[in-house]
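Construct the entire structure; sequences and hints are all you get.
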Amino acid sequence: MKRYGWLPALGLALVLGTGLLLAGCNSGTTTTTAPAVGGSTTESTAPPETGGNAANDTFTYAQGADPRGLDPALVDDGESSKVISNIYEGLLKYAADSTKVEPSLAESWQVSPDGLSYTFKLKQGVKFQDGTDFNAEAVKFNIDRQIPPKATADMSYGPFVYGSVKDVVVVDPSTVTINLTQKNTAFLANLAMSLAAPIVSPKALTDGSNSVMENPVGTGPYKFVKWNKGENVVLVRNDDYWGEKAKTKNVIFRIIPDNSARVLALNAGEVDMIDGIDATVVNTITQGGNKLFEAPGMNVNYMAYNTTTEMFKTVEARTALSQAINVEELVQSLYQGYSEKATTILPTFVPGYDATVKQVGYDPAAAKAGLAKAGITKVHMIAYSNPRPYNAATGATLAAAIQGYLQKVGVEATIDTFDWTTYKEKVKAGDFDIGFYGWIGDNGDPDNFLNLLADKDPTMNIARWQDPKYIADIKAALAMPNGPERDAAYGAMEKYVAERAVWLPISHAKTLAGYRPNVSGFIYHVTGNVFLSQAVKQ
Amino acid sequence: MLTYAFKRILWVIPVMIGVSLIVFSLMRVFSPDPAPIVLGQHATQEATDAWRAEKGLDEPVYVQYWTYLTGAVHGDLGVSYYSNTAVAHEIRARFPATIELAVAAIIFASLVGILLGVLAAVKKNSLFDAASMLVALVGISIPIFWLGIMMIMLFSGYLHLLPTGGRINVLLEPPKVTGFYLIDSLLAADWAAFKDALIHLILPALTLGMYSMAIITRMTRSTMLDTLNQDYIRTGRAKGISEVKVIGKHALRNSMIPVTTVIGLQFGALLGGALLTESVFAWPGIGKFTVDSILKSDFPMVQGIVLLIAVIFVLVNLAADLMYAFLDPRIKYGSKKSG
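For the record, the sequence lines run as chains A and B. The numbering used here puts the first residue of the first sequence at 1021, with every later residue one more than the last. The numbering used here puts the first residue of the second sequence at 683, with every later residue one more than the last.
Since the hints were derived computationally from the structure, they do not count as laboratory data. Glycine residues also receive a C-beta, built at the ideal position from the N, C-alpha and C atoms. Keep in mind that the hints are not guaranteed to be accurate.
The list that follows gives simulated cross-link-like pairs (lysine-lysine, DSS-like), each with its CA atoms no further than 30 Å apart [what the hints assert, rightly or not]: (1) A:K1160 x B:K737; (2) A:K1378 x A:K1393; (3) A:K1186 x B:K737; (4) A:K1203 x A:K1265.
Just a sample of chain B residues kept apart from chain A, beta carbon distances all over 12 Å, derived [claimed, not checked]: (5) Y747; (6) T767; (7) Y914.
The structure is reproduced here in structure tokens:
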């Protein structure tokens, strides 16, 4: 026995050593730094776990996945966006309860008569969390890195937010002019977005390649402390913040992937607020003594006809099929009150929403006659198998429900179901009669929703509908200044699309969150972002 | 002995090449195109093409593989498509959590499994035997996520004894040295942190270890029963050796070889990460991360993780094989004299 006494130790060492071995294999090409445990860490580790006031000084928000990263130019997901919204600010921001644009880092702005130059007067005396000054140069630096020639291919939202920017001119330290290549009224709404638009400290961006993904520096009410991958992101109050200081000292974004576990953590009082809720857990949340936050969501869930097929190239055929579907009943049974029936493509709070728009109504008798006339007996549907933010029930479930309605009018529907990424490939390939899709609004501008139907890209415009009048109208409305005339133009376009039955809008999913009864003051915005600086725990 | 171990370690090289080749081809054949996932819903065709060119995805697959292989040999596993961070850095951030949980789970599984197995064998056909086998059966059949949720509901929701998930209360987190919170909190002599990390470990370790525990119990019982029927056990008893010594030294040690194999394999599997346990207990390990990376077609990340897991399997198996020599002096590796 003695001879091999060292063996178990060797075995264990081998196993544990592997991890270290790997740790030693540092990449030669990247200079990623580990999450900073900076000076503020000691500050935040001070409060003990069970102290009455200390617990109230920490707000814990649980979400289902890690942020992709914390550089607003390089990410596109809601998990990143929520964290980013509390660290950074943009030139503009949205009103608390709508997508109306308000001043933020820019105090005021002027649009030139030709609509091509936007001049912003910046707030003075604002500093980034690394102590450097926020000024016109910083604005220029942030936009320049996201437009050609500096922009890189992986900047998901740069082309969307800054696509119409020609150049940025620093007039003086507190004045900056952004020149556009074409009139684009949605540009102002873009500047309030939490992706691409937030202003990052130029010093942090130039200090080391990619460090902002893991060490964000903005001007916002909270500053970054650390990010334990897969576990949590820790923020601490920015005591030098220019605006109203954050009420709660520490904010922790905890990652709890499992939906049920997230609800249990809320019920146990370990976290103060959770998202990623669906109808199935609402009762558990309220029975646990918690509150439910419910607000309309900036999204639309729809069914689209492939208008390039022989079957659905006519308005009559599309209308007849839409008449077979009882959308109201469908939405109630599938989403149990947590989605609203869509009467328009635009959600109700987006400018341009028009309550008088009517979609094709439920009329099975007319459907039967119309479908017989068009000779439609079989349709091929494709659907996605996973839940989407606009469709908690999954595309497959929605398709199956519609299959049931079609059966009643004598149409046999076959459904091919794919995971989301494969599904998008299938949409691109175009081999389908009916597809299911949705849109999550980016900037709260009506153009963001309605230009989908004018897009040439079949992964955006899955109906593949190309109507010259509609395309011209979209282009004209984009150039109109904000106001009733522009809103009316979008209302008219909604009617135009509805009459042609290109899509059958199904629903707008509500934004749901659960929170502890002692929590108040948070802003859960229609864009899906959560602003925690004024949140308090009693 | 050392020569043997060294030879076995050399085997890692062909295994790595084989595994990397398989995972490389599988990802490229069966995974959806990563470009739309990485670039998001506003990606233009030009951006997509530029990105594919930048990542070398427009090259022939064998060129891509060669580039990858030469990089990996130099310790460069590449950069994640999705998060734009180094693969090694991302794995390093999560692997300590997996090791910590796997070690805790296998310790629980081995101690309880061997104990139950031995007692069940010694008290064969007793009520205790039946009860142990029932526990083992339940342990094998129970769905992990359900068990996890039930444990949380009981111990966190109802009894308020243990936290629902996570590795530690972040406000108590010790300074990072090894990444293992238990070790780091000891290094910092921070007992509050150690206690907190420990109570966070209990439920996930029990849940994750349940299946392994059940397998080990059954394996121990059956090999113990075999051993207890051997002539030398009867001889030992006839010589008047105490029952404790007969069972504890002669029988148990001789039964341990198959059990060690099982423990080694189970431990290797646990180190590969535990998707369900990690999800339910918000445990930031490698299992959930692997699945997410596969779903995102994050080729470099998946390749890096799979290579790591392959190496671990080889090494854990080697450790188990070396344990045989320790358990059974008749087994010797290498050709030199037995000593």
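Is K1203 (chain A) close enough to K1265 (chain A), meaning Cα to Cα at most 30 Å? Status violated; Cα separation ~37 Å.
Is the Cα-Cα distance between K1186 (chain A) and K737 (chain B) 30 Å or less? holds, 28 Å
Evaluate the condition: distance from the CB of Y747 (chain B) to the nearest CB of chain A exceeds 12 Å. holds, 18 Å
Least C-beta distance between Y914 (chain B) and chain A, which was stated to exceed 12 Å: Nearest chain A Cβ is 17 Å from Y914 (chain B), so the label holds.
Should the label of T767 (chain B) as a non-interface residue stand, given a Cβ cut-off of 12 Å to chain A? violated, 5 Å
Given pair status - K737 (chain B), K1160 (chain A), alpha carbons within 30 Å: OK: K1160 (chain A) and K737 (chain B) at ~29 Å, within 30 Å.
Hint consistency between K1378 (chain A) and K1393 (chain A) [alpha-carbon to alpha-carbon, up to 30 Å]: holds, 24 Å
Comparing the model with each earlier hint shows violations of hints 4, 6; every other hint is respected.
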